[in-house]
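Chains A and B, in that order, are what the protein sequence lines are.
Okay, so the first sequence: first residue is 516 according to the numbering used here, each after it adds one.
Okay, so the second sequence: first residue is 616 according to the numbering used here, each after it adds one.
These are calculated hints, taken from the structure and not from any lab test.
Heads up, some of the hints might be wrong.
[Stated by the list, open to error] Dumping the calculated EDC-like pairs for lysine to aspartate or glutamate here, alpha-carbon to alpha-carbon at most 20 Å:
{"id": "1", "chain 1": "B", "residue 1": "699", "chain 2": "A", "residue 2": "647"}
{"id": "2", "chain 1": "A", "residue 1": "518", "chain 2": "B", "residue 2": "743"}
{"id": "3", "chain 1": "B", "residue 1": "700", "chain 2": "A", "residue 2": "849"}
{"id": "4", "chain 1": "B", "residue 1": "699", "chain 2": "A", "residue 2": "721"}
{"id": "5", "chain 1": "A", "residue 1": "619", "chain 2": "A", "residue 2": "647"}
{"id": "6", "chain 1": "B", "residue 1": "740", "chain 2": "A", "residue 2": "849"}
{"id": "7", "chain 1": "A", "residue 1": "532", "chain 2": "B", "residue 2": "744"}
{"id": "8", "chain 1": "B", "residue 1": "641", "chain 2": "B", "residue 2": "769"}
{"id": "9", "chain 1": "A", "residue 1": "533", "chain 2": "B", "residue 2": "743"}
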Amino acid sequence: MNKILLIIQREYLSRVKKKSFIIMTLLTPLIVAGFYGLIIYFSIQGLSGSVNKIAVVNENKTLTERLSSTKNNTYVYVDQSLVQMKASLKGSDFDYILYLPDFKLDNPQGIQILGTKQAGLTLNNKLSDGIEDLIRIQKLKESGLAQKDLDKLKSSVSIDTKKIGESGKEEDSSAGASTIIAYVAGILMFMFIMLYGIQVMRGVIEEKTSRIIEVMISSVKPFQLMMGKIVGIALVGLTQFILWIILTTAISTGVVKVFLSEKDKKEVSANAQVKDNSKKIREAVDNGPVANVQKALANLDVTKIVSMFVFYFIGGYLFYSALYAAIGSAVDSETETQQFMFPVMMPLLLGYSLSLSVVTNDPYGSMAFWLSIIPFTSPIAMMVRLPYGVPEWQLALSIALLILGFVGTVWMASRIYRVGILMYGKKPSLKEMIKWFTYKN
Amino acid sequence: MLIIKNIVKQYAAHRALDDVSLEIEKGKIFGLLGPNGAGKTSLIRIITQITAPDSGEVIFNGERLNANHIAQIGYLPEERGLYKKMEIGEQVLYLARLKGLSTAEATKRVKYWFEKLEMGSWWNKKVEDLSKGMQQKVQFVATILHNPELIILDEPFSGFDPVNADIIKNEILELNKQGSTFIFSTHRMESVEELCDNIALIHRSKKILDGTVEGIKEQYRNNTYRVEYEGQYDTSLASDIFEVLQQQEVKGKTTLKVQLRPDKNANQLLAALLPSVAIHRLDEVIPTMNDIFIDQVKQKN
Numbered sequence: 516m517n518k519i520l521l522i523i524q525r526e527y528l529s530r531v532k533k534k535s536f537i538i539m540t541l542l543t544p545l546i547v548a549g550f551y552g553l554i555i556y557f558s559i560q561g562l563s564g565s566v567n568k569i570a571v572v573n574e575n576k577t578l579t580e581r582l583s584s585t586k587n588n589t590y591v592y593v594d595q596s597l598v599q600m601k602a603s604l605k606g607s608d609f610d611y612i613l614y615l616p617d618f619k620l621d622n623p624q625g626i627q628i629l630g631t632k633q634a635g636l637t638l639n640n641k642l643s644d645g646i647e648d649l650i651r652i653q654k655l656k657e658s659g660l661a662q663k664d665l666d667k668l669k670s671s672v673s674i675d676t677k678k679i680g681e682s683g684k685e686e687d688s689s690a691g692a693s694t695i696i697a698y699v700a701g702i703l704m705f706m707f708i709m710l711y712g713i714q715v716m717r718g719v720i721e722e723k724t725s726r727i728i729e730v731m732i733s734s735v736k737p738f739q740l741m742m743g744k745i746v747g748i749a750l751v752g753l754t755q756f757i758l759w760i761i762l763t764t765a766i767s768t769g770v771v772k773v774f775l776s777e778k779d780k781k782e783v784s785a786n787a788q789v790k791d792n793s794k795k796i797r798e799a800v801d802n803g804p805v806a807n808v809q810k811a812l813a814n815l816d817v818t819k820i821v822s823m824f825v826f827y828f829i830g831g832y833l834f835y836s837a838l839y840a841a842i843g844s845a846v847d848s849e850t851e852t853q854q855f856m857f858p859v860m861m862p863l864l865l866g867y868s869l870s871l872s873v874v875t876n877d878p879y880g881s882m883a884f885w886l887s888i889i890p891f892t893s894p895i896a897m898m899v900r901l902p903y904g905v906p907e908w909q910l911a912l913s914i915a916l917l918i919l920g921f922v923g924t925v926w927m928a929s930r931i932y933r934v935g936i937l938m939y940g941k942k943p944s945l946k947e948m949i950k951w952f953t954y955k956n
Numbered sequence: 616m617l618i619i620k621n622i623v624k625q626y627a628a629h630r631a632l633d634d635v636s637l638e639i640e641k642g643k644i645f646g647l648l649g650p651n652g653a654g655k656t657s658l659i660r661i662i663t664q665i666t667a668p669d670s671g672e673v674i675f676n677g678e679r680l681n682a683n684h685i686a687q688i689g690y691l692p693e694e695r696g697l698y699k700k701m702e703i704g705e706q707v708l709y710l711a712r713l714k715g716l717s718t719a720e721a722t723k724r725v726k727y728w729f730e731k732l733e734m735g736s737w738w739n740k741k742v743e744d745l746s747k748g749m750q751q752k753v754q755f756v757a758t759i760l761h762n763p764e765l766i767i768l769d770e771p772f773s774g775f776d777p778v779n780a781d782i783i784k785n786e787i788l789e790l791n792k793q794g795s796t797f798i799f800s801t802h803r804m805e806s807v808e809e810l811c812d813n814i815a816l817i818h819r820s821k822k823i824l825d826g827t828v829e830g831i832k833e834q835y836r837n838n839t840y841r842v843e844y845e846g847q848y849d850t851s852l853a854s855d856i857f858e859v860l861q862q863q864e865v866k867g868k869t870t871l872k873v874q875l876r877p878d879k880n881a882n883q884l885l886a887a888l889l890p891s892v893a894i895h896r897l898d899e900v901i902p903t904m905n906d907i908f909i910d911q912v913k914q915k916n
């Protein structure tokens with residue numbers, strides 16, 4: 516036992532002291548915070564951002580309805596012809612010319628948007644939606660509907676997502692925020708299992724190629740060496756995870772503070788326009804994606820998600836890193852690992868891609884259920900499902916199976932490992948590795 | 616101190632050790648010889664408990680070999696290495712602590728040995744910054760640091776320059792004087808004759824020869840002499856005393872390699888030659904371990 520502790524200590528310290536570890540651990544939260552800042556910045560920019568001024572040249576005689584200006588687009592109907600407008604566009608304050616030719620309502624063709632810069636996809640979509648609306652209203656009017664009836668047809672829909680909790684109480688939740696958290700958790704889990712699993716493999720190969728392995732196992736049992744390495748590297752992963760959470764929270768809080776204080780500064784200003792802007796910024800911060808995440812975080816059981824993340828990281832990591840250790844023991848160099856990496860990577864990749872597509876779309880479906888139960892995919896799939904809420908019994912079953920799973924892979928891997936580490940030369944086939952499994956000591 | 620009884624080790628289609636028995640006495644230097652692939656490493660791995668035999672047993676100091684003995688054995692494998700990115704001092708400490716030494720005790724001993732072998736300035740260096748010979752020295756220290764009763768050295772001199780090889784040889788002899796038992800696995804015979812008290816020759820998974828170095832040499836003495844003289848002598852006159860194995864003449868000097876007839880001795884050989892020629896030299900041709908080794912291995916092939 517004492518020997519395992521020594522090995523864990525060495526594996527842990529030798530990695531944590533590395534420059535690359537320190538840089539990665541400090542840099543990543545900065546990058547995340549940077550993104551966080553960008554999201555806030557753009558959500559504010561998007562609301563108070565540029566307004567397109569569009570000159571509408573309407574040559575259509577049947578279309579008498581007019582486009583009404585929106586937040587981002589101002590429409591001005593001009594009496595000039597298209598040719599005149601084109602000629603004067605540069606000197607005018609218009610950004611674009613919308614040209615509506617004299618088409619039939621049943622067959623609207625030849626509509627153009629012209630500008631000194633190309634119109635973006637969003638503008639294009641907005642315009643076609645707007646014109647489609649115009650034509651519909653025009654047609655409805657022609658069929659004899661009065662303006663007041665038309666007004667009745669208009670409705671604006673916004674759906675509040677609520678979840679009925681355990682106690683039957685309604686809880687605020689946000690499908691969007693759950694999805695974001697599910698994605699982040701899924702991606703993080705995938706990254707952690709991959710990165711640290713491969714570190715275990717590298718460590719084993721390093722001991723083999725540097726030929727220290729025989730010295731080591733004349734002092735300790737192969738199982739102790741393998742487990743010491745796996746646990747030591749797991750602790751490195753946890754250290755990094757915890758530091759990331761602490762640093763990211765600290766830096767992100769700082770970023771939000773900076774934006775909020777800027778907002779306050781603007782509020783002090785007497786300028787009406789700025790005041791208007793600052794209201795928008797407040798809206799952005801209070802209702803935008805950032806706030807959504809923060810609101811959802813407040814409603815989600817964060818402690819549960821973080822603690823489950825730690826559990827599934829350890830479980831999934833043990834499950835896979837044991838397999839990686841077995842692979843590392845069987846080969847002489849990293850280039851030889853490809854053939855064995857594939858079967859091990861497959862379920863993880865599959866779990867990752869299915870979790871982020873199928874499970875986020877239908878977190879309660881049978882696919883989501885199975886993916887989150889089977890140990891090969893459960894660390895990722897369950898993390899993705901958790902923000903949406905998972906029945907307790909499913910969580911318990913998944914945890915139990917994952918524990919069984921990693922005990923199984925660790926046992927299997929240790930049997931291959933103890934033979935593999937002493938084998939040099941020819942790369943073994945899968946069949947040979949299975950044969951090693953049956954070797955006596 | 617170490618008794619190996621009827622060890623068999625089978626790897627899939629290959630039998631690495633076939634009913635091998637040995638006895639190694641306390642305080643001796645025991646040479647384990649054999650060509651590559653004979654089974655030496657397999658046997659050592661069983662003694663160091665890296666693998667277990669399929670049948671047979673190993674008795675260490677009267678007890679069946681078990682995990683408690685790990686701390687009493689020091690092993691320098693032929694394929695050896697160190698953690699490349701780890702500092703030397705830290706690394707040797709780590710290896711010593713894995714053998715059960717406390718940190719304080721290990722530090723004391725590492726310092727002692729580093730001082731003794733003039734490695735004091737290496738403490739904070741990384742393995743990758745050392746030459747191969749320096750690495751070997753570090754490894755030797757790591758092997759003996761926990762003061763083991765049994766020290767197993769697999770090709771210990773490979774990679775050493777003559778100066779360092781001599782330093783290490785003297786350390787081995789000194790440790791041996793203090794009571795450590797050595798197993799010495801090698802196919803370099805000249806070091807065997809210098810160091811070993813006993814040897815065993817393993818070939819194709821079987822032990823084909825064992826005993827003391829003198830005993831074996833005695834056994835392989837076959838009354839062969841080399842004689843060098845000046846002058847002319849008709850060897851056919853003395854055919855009842857010896858048989859000529861080899862004859863060579865260089866610048867009027869003749870060198871004969873002869874084997875005496877069973878009941879004859881060197882005096883009779885000299886008596887036959889003296890009247891006719893001037894003797895320059897006479898010596899007995901004792902087979903070197905190298906000769907015996909090659910002879911034995913060839914015989915079995």
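We went through each hint and held it up to the structure:
no., hint, result
1, B/699 to A/647, "71 Å, violated"
2, A/518 to B/743, "26 Å, violated"
3, B/700 to A/849, "18 Å, holds"
4, B/699 to A/721, "9 Å, holds"
5, A/619 to A/647, "13 Å, holds"
6, B/740 to A/849, "26 Å, violated"
7, A/532 to B/744, "19 Å, holds"
8, B/641 to B/769, "19 Å, holds"
9, A/533 to B/743, "16 Å, holds"
Consistency with the previously given hints fails for numbers 1, 2, 6, ordered from lowest to highest.
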